[in-house]
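Engineer: Residue numbers (the working numbering), protein chains in the order written: chain Y, 4 to 322; chain L, 4 to 322.
One or more hints might be untrue.
Stated by the list, open to error - With the C-beta cut set under 10 Å, the calculated list includes, among others, these residues of chain L facing chain Y:
id	residue
1	Met84
2	Glu86
3	Ile151
4	Thr160
5	Gly161
6	Gly184
7	Asp261
8	Lys264
9	Lys295
Said to hold, decoys possible - Restraint ranges, calculated between C-beta atoms of paired labels, are given here:
id	chain 1	residue 1	chain 2	residue 2	range
10	Y	Pro98	L	Lys33	52 to 58 Å
11	Y	Asn152	L	Asp42	48 to 54 Å
12	L	Thr18	Y	Gln177	42 to 48 Å
13	Y	Asn152	L	Gly43	35 to 41 Å
14	Y	His87	L	Gly275	33 to 39 Å
15	L	Lys62	Y	Lys82	50 to 56 Å
16	L	Lys81	Y	Leu58	47 to 53 Å
17	Y	Thr18	L	Gly201	50 to 56 Å
As the list claims (entries may be wrong) - Stretch-level coverage of chain Y by chain L, calculated; a stretch enters the list once three of its residues show a Cβ under 8 Å from a Cβ in chain L:
id	segment
18	169-182
19	288-299
These are computed hints drawn from the structure, not numbers from a lab.
Beta carbons are placed, not taken as given, at the ideal position from N, Cα and C, and that holds for glycine.
2 protein chains.
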Amino acid sequence: MSKLKFAVGVDLGGTSIKVGVVSKEGKIEKKISVDTLADGGPDIVIHQIKKGIDLVLDKYEKQVVGIGIGSPGVVAAKKGMVEHPPNLPGWEKVPLGKIIEKAYKIDTFVENDANAAAVGELIFGAGKGLENFIMVTLGTGVGSGLIINGKLYRGETGAAGELGHITIDYKGPQCNCGNIGCVETYVGNNYMVERVSGELGSHPESKIFELLDNNLGQLSPKIICDAANSGDQYAKSVVVETGRYLGYGLASVVNLLDISKIIIGGGVAGFGKLLFDSIQDTIKERTLKSLKERVEVLPAKLKNEAGILGASALVFYQS
Amino acid sequence: MSKLKFAVGVDLGGTSIKVGVVSKEGKIEKKISVDTLADGGPDIVIHQIKKGIDLVLDKYEKQVVGIGIGSPGVVAAKKGMVEHPPNLPGWEKVPLGKIIEKAYKIDTFVENDANAAAVGELIFGAGKGLENFIMVTLGTGVGSGLIINGKLYRGETGAAGELGHITIDYKGPQCNCGNIGCVETYVGNNYMVERVSGELGSHPESKIFELLDNNLGQLSPKIICDAANSGDQYAKSVVVETGRYLGYGLASVVNLLDISKIIIGGGVAGFGKLLFDSIQDTIKERTLKSLKERVEVLPAKLKNEAGILGASALVFYQS
Numbered sequence: 004m005s006k007l008k009f010a011v012g013v014d015l016g017g018t019s020i021k022v023g024v025v026s027k028e029g030k031i032e033k034k035i036s037v038d039t040l041a042d043g044g045p046d047i048v049i050h051q052i053k054k055g056i057d058l059v060l061d062k063y064e065k066q067v068v069g070i071g072i073g074s075p076g077v078v079a080a081k082k083g084m085v086e087h088p089p090n091l092p093g094w095e096k097v098p099l100g101k102i103i104e105k106a107y108k109i110d111t112f113v114e115n116d117a118n119a120a121a122v123g124e125l126i127f128g129a130g131k132g133l134e135n136f137i138m139v140t141l142g143t144g145v146g147s148g149l150i151i152n153g154k155l156y157r158g159e160t161g162a163a164g165e166l167g168h169i170t171i172d173y174k175g176p177q178c179n180c181g182n183i184g185c186v187e188t189y190v191g192n193n194y195m196v197e198r199v200s201g202e203l204g205s206h207p208e209s210k211i212f213e214l215l216d217n218n219l220g221q222l223s224p225k226i227i228c229d230a231a232n233s234g235d236q237y238a239k240s241v242v243v244e245t246g247r248y249l250g251y252g253l254a255s256v257v258n259l260l261d262i263s264k265i266i267i268g269g270g271v272a273g274f275g276k277l278l279f280d281s282i283q284d285t286i287k288e289r290t291l292k293s294l295k296e297r298v299e300v301l302p303a304k305l306k307n308e309a310g311i312l313g314a315s316a317l318v319f320y321q322s
Numbered sequence: 004m005s006k007l008k009f010a011v012g013v014d015l016g017g018t019s020i021k022v023g024v025v026s027k028e029g030k031i032e033k034k035i036s037v038d039t040l041a042d043g044g045p046d047i048v049i050h051q052i053k054k055g056i057d058l059v060l061d062k063y064e065k066q067v068v069g070i071g072i073g074s075p076g077v078v079a080a081k082k083g084m085v086e087h088p089p090n091l092p093g094w095e096k097v098p099l100g101k102i103i104e105k106a107y108k109i110d111t112f113v114e115n116d117a118n119a120a121a122v123g124e125l126i127f128g129a130g131k132g133l134e135n136f137i138m139v140t141l142g143t144g145v146g147s148g149l150i151i152n153g154k155l156y157r158g159e160t161g162a163a164g165e166l167g168h169i170t171i172d173y174k175g176p177q178c179n180c181g182n183i184g185c186v187e188t189y190v191g192n193n194y195m196v197e198r199v200s201g202e203l204g205s206h207p208e209s210k211i212f213e214l215l216d217n218n219l220g221q222l223s224p225k226i227i228c229d230a231a232n233s234g235d236q237y238a239k240s241v242v243v244e245t246g247r248y249l250g251y252g253l254a255s256v257v258n259l260l261d262i263s264k265i266i267i268g269g270g271v272a273g274f275g276k277l278l279f280d281s282i283q284d285t286i287k288e289r290t291l292k293s294l295k296e297r298v299e300v301l302p303a304k305l306k307n308e309a310g311i312l313g314a315s316a317l318v319f320y321q322s
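In isolation and in its complexed conformation, chain Y is listed as follows (with noise of 0.2 Å):
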């Protein structure tokens, strides 16, 4: 009788660390929810990760098999060490697999989250049995995640697959990130934000007001997506355009690497079909004539636990 393996995966956010035991098949058998405390520094952040996994290994411990960590940031995958993360303040460089394995004894694997999401699709998801494709998630940021003849692409140092840094238009707008027109200043939610706050003054017929109460401090991607769910014409010009975007970003991906498969998740990924379909027609508009037909873009598999399932794929990806 084969004995039941579970790994342990650990969503590290910027507010608050999910954590869940995990079966072979992607079923979580337990979760868990501790706040990170951020401002607290490393030291704290990483005794919050400890108190996570604690709280699920319990009767799971003899039968795990490993840690998973999907962590904001470049990870140096092999050292599991974590640099810069956005949104951590106080960590510079980390050796964050080093200190869990130690602890725990268990072998451990970190992941830049945007890869283990690529890990989690294709292990668990829309990408299984895929050998190739560009997991792209859609949220604060853009980030995306390279599967490559069956494997995660890292790159020289972990930090491949920043699809949201892609300039589409290089007189464009300014990025946080130094470069000008990048993907994630048309389409990462505080830009989209912005944009659709400066444009709805004229759109007085939008949908958009009432779902806001007029407290356009409110305004969201999901209130977006509300309206343009309830058929609001505005809205949906806003999902098109959102998708076009990115089609233009990811044109460039696929006439560059020869990929045809995308998988699309995240937050703005609930702008559903008319988002998949906008991307998806540009890509094809714009990609070379033996690409177009072979381009699809797939919804993620994995949706809200993805951050879990995706740090726990990165056991059974290794093993």
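Put chain L on the given structure of chain Y with help from the hints.
Structural biologist: Same frame as chain Y, now just chain L:
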């Protein structure tokens, strides 16, 4: 005593086919050029390729360990199938590798010419010892080959490396490929000549006029280069601008792939230091922090004979 081993390199172009016998050290022992006679269709062109190979094989035949062919178009490498090469009318899909291998009973390797150039630099040139680099070939088009983990990255069908068809302005000029604002529409030879033709009227002091003998039809990147080298301010600004456009596209690639070494070859690379500095500065301006310090733009080492050497390198790369 180790026997000397040679490869035959075939550089298949739209007007001429260059064929050479090359040693493992990258020395061309013998070379020849025959007309492509492209208008005759595949059979005539293949006849010409064989004519070229026959002319160089001669006394080397027993020491030749393989034949490498650099071809335009997309090449499905495992089968040596050449698909839709531009400038070779009547070619849809031609199993060039199989045909040549059968005729000579010598292992034959066919690759797209931009990929062959990358392998050429990897085996004989500026990419020797590098694990990862992007090889850019500037000419009528803008091609590139990607070396990742010491290997040629081909993509799903062998079409990878289309740096020329990365968009740097989604509202930019229409490209022949169907896309908009591609790098190629800013720096490809024809586009560059067209742009300069349009602007020259505003630069009556430019030395380009002298060099052209007032015959605008003679305008070429070479003339612009000569004018820049003689100190012409306008021509210099064109070179710097060309570097900036290339830099915009390359910054996206560097951010996406976390690859920091870029090798530039092809005719326009003759623009020299002014061009290279402009490319490198632009990339550094626009890439993420951790990459800025590592980015390096290098001139290709293989010059006039890059085509033959790249094709022959395909043989030594495989064995």
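Engineer: Evaluate each hint against the coordinates.
Structural biologist: Hints versus structure:
1. Met84: violated (12 Å)
2. Glu86: Where the cut-off is 10 Å and the nearest Cβ of chain Y is about 7 Å from Glu86 of chain L, the hint holds.
3. Ile151: OK, holds: Ile151 of chain L within 10 Å of chain Y, min 8 Å.
4. Thr160: holds (6 Å)
5. Gly161: Holds. Min distance 7 Å.
6. Gly184: holds (8 Å)
7. Asp261: holds (2 Å)
8. Lys264: holds (9 Å)
9. Lys295: holds (9 Å)
10. Y:Pro98 - L:Lys33: 52 to 58 Å: Since the Cβ atoms of Pro98 of chain Y and Lys33 of chain L sit about 57 Å apart, the hinted range of 52 to 58 Å holds.
11. Y:Asn152 - L:Asp42: 48 to 54 Å: At 40 Å between Cβs, range violated.
12. L:Thr18 - Y:Gln177: 42 to 48 Å: holds (46 Å)
13. Y:Asn152 - L:Gly43: 35 to 41 Å: holds (39 Å)
14. Y:His87 - L:Gly275: 33 to 39 Å: At roughly 36 Å between Cβ atoms, Gly275 of chain L and His87 of chain Y fall inside 33 to 39 Å, so the hint holds.
15. L:Lys62 - Y:Lys82: 50 to 56 Å: holds (55 Å)
16. L:Lys81 - Y:Leu58: 47 to 53 Å: holds (51 Å)
17. Y:Thr18 - L:Gly201: 50 to 56 Å: Taking Cβ atoms as reference, Thr18 of chain Y and Gly201 of chain L lie about 54 Å apart, which means the hint holds.
18. 169-182: holds (count 9)
19. 288-299: holds (count 8)
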